[in-house]
Amino acid sequence: MYPPQSSMAKDKTAYVCSNCGQESPKWIGKCPACGQWNTFKEIRIADTRQQVATSAAASVGHALRRNKVLKLNEIPAHDDPRIDIHDAELNRVLGGGLVPGSIVLLGGEPGIGKSTLTLQTVLNMPEMRILYVSGEESAHQLKMRAERLKASHERHAAADTQQLLILCENSLETIFEHIKEEKPEFVVIDSIQTIMTADVESSAGSIAQVRECASALLRFAKTSGVPVLLIGHITKEGTLAGPKILEHIVDAVIQFEGDQHHMYRILRSMKNRFGSTSELGIYEMQQTGLRQVSNPSELLLTDRGEALSGVAISAAIEGVRPFLVETQALVSTAAYGTPQRSATGFDQRRLNMLLAVLEKRVGFKLIQKDVFINIAGGLRVTDLAMDLSIIAAVLSSNVDTPIEQGWCMAGEVGLSGEVRPVNRIEQRVSEALKLGFTDMIIPRYNLQGLDARKFEGIQLHPVRKVEEALRELFG
Numbered sequence: 001m002y003p004p005q006s007s008m009a010k011d012k013t014a015y016v017c018s019n020c021g022q023e024s025p026k027w028i029g030k031c032p033a034c035g036q037w038n039t040f041k042e043i044r045i046a047d048t049r050q051q052v053a054t055s056a057a058a059s060v061g062h063a064l065r066r067n068k069v070l071k072l073n074e075i076p077a078h079d080d081p082r083i084d085i086h087d088a089e090l091n092r093v094l095g096g097g098l099v100p101g102s103i104v105l106l107g108g109e110p111g112i113g114k115s116t117l118t119l120q121t122v123l124n125m126p127e128m129r130i131l132y133v134s135g136e137e138s139a140h141q142l143k144m145r146a147e148r149l150k151a152s153h154e155r156h157a158a159a160d161t162q163q164l165l166i167l168c169e170n171s172l173e174t175i176f177e178h179i180k181e182e183k184p185e186f187v188v189i190d191s192i193q194t195i196m197t198a199d200v201e202s203s204a205g206s207i208a209q210v211r212e213c214a215s216a217l218l219r220f221a222k223t224s225g226v227p228v229l230l231i232g233h234i235t236k237e238g239t240l241a242g243p244k245i246l247e248h249i250v251d252a253v254i255q256f257e258g259d260q261h262h263m264y265r266i267l268r269s270m271k272n273r274f275g276s277t278s279e280l281g282i283y284e285m286q287q288t289g290l291r292q293v294s295n296p297s298e299l300l301l302t303d304r305g306e307a308l309s310g311v312a313i314s315a316a317i318e319g320v321r322p323f324l325v326e327t328q329a330l331v332s333t334a335a336y337g338t339p340q341r342s343a344t345g346f347d348q349r350r351l352n353m354l355l356a357v358l359e360k361r362v363g364f365k366l367i368q369k370d371v372f373i374n375i376a377g378g379l380r381v382t383d384l385a386m387d388l389s390i391i392a393a394v395l396s397s398n399v400d401t402p403i404e405q406g407w408c409m410a411g412e413v414g415l416s417g418e419v420r421p422v423n424r425i426e427q428r429v430s431e432a433l434k435l436g437f438t439d440m441i442i443p444r445y446n447l448q449g450l451d452a453r454k455f456e457g458i459q460l461h462p463v464r465k466v467e468e469a470l471r472e473l474f475g
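Residue 190 in the numbering used here sits at position 190 of the sequence shown, and the numbers go up by one each step.
It cannot be assumed that every hint is accurate.
To be verified - Derived pair list, reagent style DSS-like, types lysine-lysine, alpha-carbon separation capped at 25 Å:
# : residue 1 : residue 2
1 : Lys-12    : Lys-26
2 : Lys-434   : Lys-360
3 : Lys-41    : Lys-12
For the record, the hints were derived by calculation from the structure and aren't laboratory data.
When you get a sec, could you build the whole thing from the sequences and use the hints?
Listed below in structure tokens is the structure:
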């Protein structure tokens with residue numbers, strides 16, 4: 001028997017790093033895990049009875065699945081079953097659909113379209129009983145948005161959306177009571193920063209509240225098999241609001257990116273226990289909702305009616321999708337003593353490396369020049385095959401000579417100035433051929449095993465060095 005606890009006894013406290021989730025029994029100025037200063041926040045740890053009550057509330061209304069010890073060879077080797085959410089872009093980013101019992105975190109800046117994407121998705125799933133919990137908007141606001149989204153799609157207007165249940169609530173305990181009554185097949189929480197539990201004595205959105213609410217929802221998802229989608233906000237630093245441990249709790253983290261002043265939005269997978277993190281989805285924001293962009297090249301390529309200097313086209317691949325992206329460069333004389341190096345949508349450190357290669361191996365002096373790089377369409381590209389187009393765009397802007405129409409390229413550049421091979425070259429060439437390009441620069445090594453008869457409409461130019469590629473482009 002445990003000794004009786006006084007009702008006036010204080011709960012235990014701990015300190016959690018808001019940047020990486022590291023715990024400490026006392027306050028520390030510098031986090032030993034991530035090295036950030038002044039990131040430890042005090043949280044209150046509820047006693048065992050409260051945690052048991054929260055765990056019990058998380059599994060209400062559903063039969064618990066008792067786990068047992070299994071030998072590795074007894075576990076069936078099959079893919080997890082997927083729930084089709086009738087959105088090709090979102091299905092791709094999630095790895096093929098929604099996994100039952102999973103918990104997914106959708107993050108993005110305020111006003112970027114997270115709630116619109118989520119509501120549009122659940123309206124596409126009339127066959128499922130869905131509980132949409134809103135802690136930010138009223139039921140009337142959600143109804144007006146749903147009517148606007150349904151009006152944009154005739155099949156939505158004809159669909160039976162009676163199984164979509166709306167709940168405007170901030171209390172986690174009340175939410176679990178409604179889950180017990182309604183028995184939904186899919187739960188959406190909009191947003192996790194507005195939900196609070198009575199077990200934690202702090203305001204909604206604090207580290208302790210976000211952590212406890214997410215943990216309770218995780219236990220509910222794993223014990224009941226009902227998938228849960230959490231919507232989270234992005235801070236001004238570009239990270240998910242709340243403790244970093246929130247990203248460790250969930251099964252998948254997808255981020256909705258884009259500029260509110262532009263029409264295109266990028267859906268990117270940051271973490272996925274059930275699929276690849278290299279996939280991305282592209283949407284176009286319209287007055288009537290989000291339109292899926294099945295051909296990314298229409299977003300990333302502008303009208304090529306007039307040749308402009310400082311523009312090069314690269315055949316890139318993100319996930320399994322090849323697309324052609326426009327690289328823009330501007331090189332000008334430095335107005336101040338220290339030249340500027342700026343990159344939007346491209347790695348700044350890699351840009352500095354490529355500029356050093358261009359100066360050391362090719363002989364172009366850029367030490368007194370400002371260099372600005374931009375990837376058109378607001379996309380952030382990590383494919384190393386972009387190296388060749390970055391160098392070509394910089395040189396084109398430096399000499400103020402446009403690259404001929406119909407030329408594109410793909411190739412990784414090494415420190416010695418060599419053009420290294422890239423993967424899946426056939427898909428890159430096929431995408432360029434489909435969009436009407438007539439010439440393409442590729443690494444010479446990639447020419448081995450490539451059946452040129454399949455690409456009779458496009459002229460391939462294999463190169464070994466950066467100098468050869470520049471000679472092909474500018475003569």
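For each hint, the structure was consulted:
1. For a cut-off of 25 Å, the pair hint linking Lys-12 to Lys-26 stands: about 11 Å separates their Cα positions.
2. Under the criterion of a C-alpha separation no larger than 25 Å, the hint pairing Lys-434 with Lys-360 is inconsistent with the structure, at around 37 Å.
3. Simply put, Lys-41 and Lys-12 have alpha-carbon atoms about 14 Å apart, close enough for the 25 Å limit, and the pair holds.
Taken one by one, the earlier hints fail for this structure only at number 2.
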